[in-house]
Amino acid sequence: MKRASILVSFVLALALLAALLPIMGRVPRSEAAITIGRVHAGYQPTTGKLFILVIGNDARQGNPNGALADAIHLVGIDTRSMKAGILNFPRDSWVSIPGHGTNKINASLIDGGPELVAKTVESLTGIRIAYWVMTGFGGFYGIVKRLGGVKVRVPRNLNDPSGSGAVMSAGVHKLAPLQALSFVRDRHDFPNGDVSRTANQATFLLALLKKLRKEVTNNPASLLKWMAIARRYTRLDISLGELFRLGIVASELSPKDVGNKTLPVSFGFEGAQSVVFISPQASSIYASFKKKAHF
Amino acid sequence: MAVLLVGALAAFLLAHRDAHPTAPSAAGATFTPTPSPSPTLLPQAKWQVRAFPAGVVGHVTKKDLKAVRIQGVRASHAVENVYDALLLDPADVARVTRAHFEQGAAPVFLRARARLSGRIHHVRTTLRRLQIGIDAKSARKAIATVLVSFKAERNSRRVRLRIKSTLWLEHKHRSWKVLAWRAQQGPRR
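First to last, the protein sequences are chains U and E. Per the working numbering, the very first residue in the first sequence carries number 1; after that it's consecutive. Per the working numbering, the very first residue in the second sequence carries number 1001; after that it's consecutive.
Derived from the structure by calculation, the hints contain no laboratory data. No residue lacks a Cβ here, since even glycine has one placed at the ideal position from N, Cα and C. Among the clues, some could well be false.
Said to hold, decoys possible - In silico BS3-like links for lysine-lysine, alpha-carbon gap of 25 Å or less:
1. U:LYS256 x E:LYS1164
2. U:LYS261 x U:LYS291
3. E:LYS1164 x U:LYS214
4. U:LYS290 x U:LYS119
5. U:LYS214 x U:LYS256
6. U:LYS256 x U:LYS292
7. U:LYS104 x U:LYS261
8. E:LYS1046 x E:LYS1151
9. U:LYS83 x E:LYS1151
To be verified - Partial pick of chain U residues on the chain E-facing surface, computed with a CB cut under 7 Å:
10. PRO220
11. ALA221
12. LEU224
13. LYS225
14. MET227
15. ALA228
Work out the full structure, taking the sequences as your base and the hints as a guide.
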């Protein structure tokens, strides 16, 4: 198990951390910094295994139609053992999108919103997803700002001033909102490009989770504060009771019990497009993740 | 402090009833009501209770604060009842749990045997402190932290123990219900 915190936890954690609790329909989805919804109406996990899809889109503000899903993470939580895993999907993964042929997985957000991204991941993995959480640049920035920065271990020197804006040395840094955004966006400094980036995003999620847990451990009632903040910035398509329960679970997860795994892929081309092909070995990862909800 | 008791946190999802009010209990366990014997007659520490508005962002109205005050008293009673049963009246734990825990969480809690060992008796509490944060806007969600210190006898030897716990509560169907619970028990410092 690797240590860290959320992007799924991000959305769980982001959404959770960032402050979850809301008045349904208060903020239009296109304008909300964070949106949370159910994938299937009425679906209730009964095995103690909970799966949440965390999506980061490339919209500068809100979550407008037409944004691409540049961060896709499936978070699994075994609510009995309180162990969890984050499975990272490279955005250029060449996959079948239900009802829309074959394309890069990030295009599924344009084709059918977060619900279609979730259904695409479900069809790929065979895992039934309960909730999705989505945020864009604005929501991500706001969350990190509210948190007063997030401490993250940067794996190598980053120097991408003209792309993501990431310029930082390797090591542990407390990242301000813009730095954090540049860290999770940077792909030019890594030989594997987006594949490494998606792992960094999960690392950042774990860092968020760690921060949430630390705060809630010191003061359990602070979870209600995060929920109140979320109430302001989040468009919730789930009930407050569900949000409260998700918050409880997120705050009780220990980062050391959260694994972080990126799908094995190979690089190639589809026509003129640079894409990645998910390795056949991924099937065993899906099966194990579906069974245990962690790695 | 060793973690001896792990709460019914895992029950939270299984126990969720908002979406399916008629869904059967996920745990499926059944319990026979137990008659309540007289609790111990030893003098016990008074409960020190502090209920406060939590999750305050922006303005809180007088109406909100009044709701927090009222619900704080009610939620505190639920928590006090649970702890009084756990520590002082073990025979009543099943009944109290069913009364104050959410439908799906109660069986999980009971199965976890989250109670004092049968070898521990003559419990005398020396500290009972409850702090409960009530969601300021809804007054329907609460998070309680409980600290209980007590003396007791185990195998004819005197022991001093302390239990520190967190409970997550929700106001449903006109009463407060425990959704999830976590506790640590260890020797009193």
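A quick look at each hint next to the structure:
no.: 1; hint: U:LYS256 x E:LYS1164; verdict: holds (23 Å)
no.: 2; hint: U:LYS261 x U:LYS291; verdict: holds (16 Å)
no.: 3; hint: E:LYS1164 x U:LYS214; verdict: holds (17 Å)
no.: 4; hint: U:LYS290 x U:LYS119; verdict: holds (15 Å)
no.: 5; hint: U:LYS214 x U:LYS256; verdict: holds (13 Å)
no.: 6; hint: U:LYS256 x U:LYS292; verdict: holds (16 Å)
no.: 7; hint: U:LYS104 x U:LYS261; verdict: holds (20 Å)
no.: 8; hint: E:LYS1046 x E:LYS1151; verdict: holds (15 Å)
no.: 9; hint: U:LYS83 x E:LYS1151; verdict: violated (35 Å)
no.: 10; hint: PRO220; verdict: holds (5 Å)
no.: 11; hint: ALA221; verdict: holds (3 Å)
no.: 12; hint: LEU224; verdict: holds (3 Å)
no.: 13; hint: LYS225; verdict: holds (5 Å)
no.: 14; hint: MET227; verdict: holds (6 Å)
no.: 15; hint: ALA228; verdict: holds (4 Å)
Hint 9 from the earlier list is the only one contradicted by this structure; the remaining hints agree with it.
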